[in-house]
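Protein chains in written order, with this note's numbering: chain A, 1 to 99; chain B, 1 to 393.
Please note that a few of the clues may not be correct.
Unchecked claim - Straight-line Cα separation of at most 30 Å, DSSO-like style, residue types lysine-lysine; simulated pairs:
| no. | chain 1 | residue 1 | chain 2 | residue 2 |
| --- | --- | --- | --- | --- |
| 1 | B | K36 | A | K56 |
| 2 | B | K36 | A | K91 |
| 3 | B | K14 | A | K67 |
| 4 | B | K14 | A | K56 |
| 5 | A | K50 | B | K57 |
| 6 | A | K50 | B | K167 |
| 7 | B | K16 | A | K56 |
| 8 | A | K50 | B | K127 |
| 9 | B | K36 | B | K16 |
| 10 | B | K167 | B | K127 |
| 11 | A | K43 | B | K16 |
| 12 | A | K43 | B | K72 |
| 13 | A | K43 | B | K14 |
None of these hints come from the bench; they were simulated from the model.
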Amino acid sequence: MSNWFMRTKQWIGTTLQLPEDLLFDLPRMTWIGSFLLHIENHKGLIRVEKGCIWIKVFEGHIEVNGKALQIQSMVADEMVIQGEIDQVEYKRQQGGEKA
Amino acid sequence: MKNVLPGTVRVTLKGKAYATVIHRLHRDSVSLHQLKSIGEHEVEFYISYQSLSALRKAVFRSGCTISLHRGKGLAYDVENVVLVRSFMLWLVVAIAIVIGGSQFVWSIEFTGATPEIQQEVNEVLKKEGFQIGRLQRSLTSEDKMAPLLYDKIDNLSWMGMEWQGTKLIVRLKEKQGIEMDEQLSSSQIIASKAGTIQSMLIESGQAVENVNSVVKKGQLLVTGLVGREEDKQLVPSKGIVMAETWYEVNVTIPQTLTVETLTGNMESRTSFELFGWESPPIHFKKNAFSLATEEETIHTYELFGKEIPLKRKSVQFSEINRSKEKLEPSQAIDIAKEVAREEVLSLIGGGGSIQHEKILHEQIENGKVKLTLYIQAIEDIAEVQPYTEETRE
């Protein structure tokens, strides 16, 4: 996304006082206990292993670490991860990388 | 069928570019379930049957291999059923039997009218081929049947047929209305017994005797010939003639009386009955009493307002003590009188009554009471008889 478009969006958002997650497709996560993670607005999967799952999101990716991880369901922009989740990390996009 | 019914397929995806494949699937908005890694560069997930074509597209030229496994869902269940050929065959056979069976008459039921009319209708219907096991189509229609039945059965005023599946219900209605009196032939009334007339109530006919006159058995009381000298007419006679009659009754009764009394000892025997099969009794001592009355009660059980075929049957035995009692002469006479009265009342019928009674003779001999009673009673002595010429005077 080009910079000026982003800035316009941001300006509209602040002027109209809209919540930012709606404007920017930002991920929204709900972590229930240590066994269920609900992610909205994801952009797809990058890696699936037993101990970690990488999920592509707006401007970066999320790393979920744990044991016996499993994606219970993955529909249009919702994902439910099940397992013993130890760590959830938000990795912002590095300079050259593109979403 | 599989394209419509819900069902899932288990997919194993192997290859370095598995992430690309999943990404493509996600882009095509295919929902994945229970996705997990089962090895290096190998994942397993479930997708719906309908999205298999999307999966094939996604895998195309990705360098990954997929293997499909049998999943679960209604689509597979239906497939299983279809695969079992014999099941299908028997299903078809069963349907054929049901459809075929419903073409026949399985029972004929009559409602309304009297049983006699029902029986007559049944016979006529049987002749016309209305029998259990016949094809429904081969039977005569109601429109043709009705006139036939009206013609053959006089007392039938209406009939209707109704099919309830394989059951034929024949509704009948009998003719109702004022029944015309039968043309009575001319008759007269004579005395059935000797006696003194107390009252006469003559509905038709001409009384010959008066109240207080003594009549002999067979004497003419009411004649069927009425009218003046010139034009006498014969009519049926009808009426009630109450007369005083007398009876002599001999009664002999023993002076000992057998009395049965309940001792209060009771024993019960309970058994259960299921579908007509009766279980052996529970808790029952054999030959508990030498003399006992039995009282049987059947208790039924209900479930959701419906009777279930289980019944509890209990028989209550109450012990009886039989003893002999000697009667006083006066007591014995009272009993004898009662016996005599009942005997006379049974002879004179409902309309009569006992007027007076008197002991003519009493004798106590060998433990027996012998009694001769004179009983005066009022009863209807009218006896209708066909009119005969000879009695005309």
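Here is what the structure says about each hint:
{"no.": "1", "hint": "B:K36 <-> A:K56", "verdict": "holds, 17 Å"}
{"no.": "2", "hint": "B:K36 <-> A:K91", "verdict": "holds, 22 Å"}
{"no.": "3", "hint": "B:K14 <-> A:K67", "verdict": "holds, 21 Å"}
{"no.": "4", "hint": "B:K14 <-> A:K56", "verdict": "holds, 21 Å"}
{"no.": "5", "hint": "A:K50 <-> B:K57", "verdict": "holds, 27 Å"}
{"no.": "6", "hint": "A:K50 <-> B:K167", "verdict": "violated, 68 Å"}
{"no.": "7", "hint": "B:K16 <-> A:K56", "verdict": "holds, 18 Å"}
{"no.": "8", "hint": "A:K50 <-> B:K127", "verdict": "violated, 85 Å"}
{"no.": "9", "hint": "B:K36 <-> B:K16", "verdict": "holds, 15 Å"}
{"no.": "10", "hint": "B:K167 <-> B:K127", "verdict": "holds, 19 Å"}
{"no.": "11", "hint": "A:K43 <-> B:K16", "verdict": "holds, 20 Å"}
{"no.": "12", "hint": "A:K43 <-> B:K72", "verdict": "holds, 29 Å"}
{"no.": "13", "hint": "A:K43 <-> B:K14", "verdict": "holds, 22 Å"}
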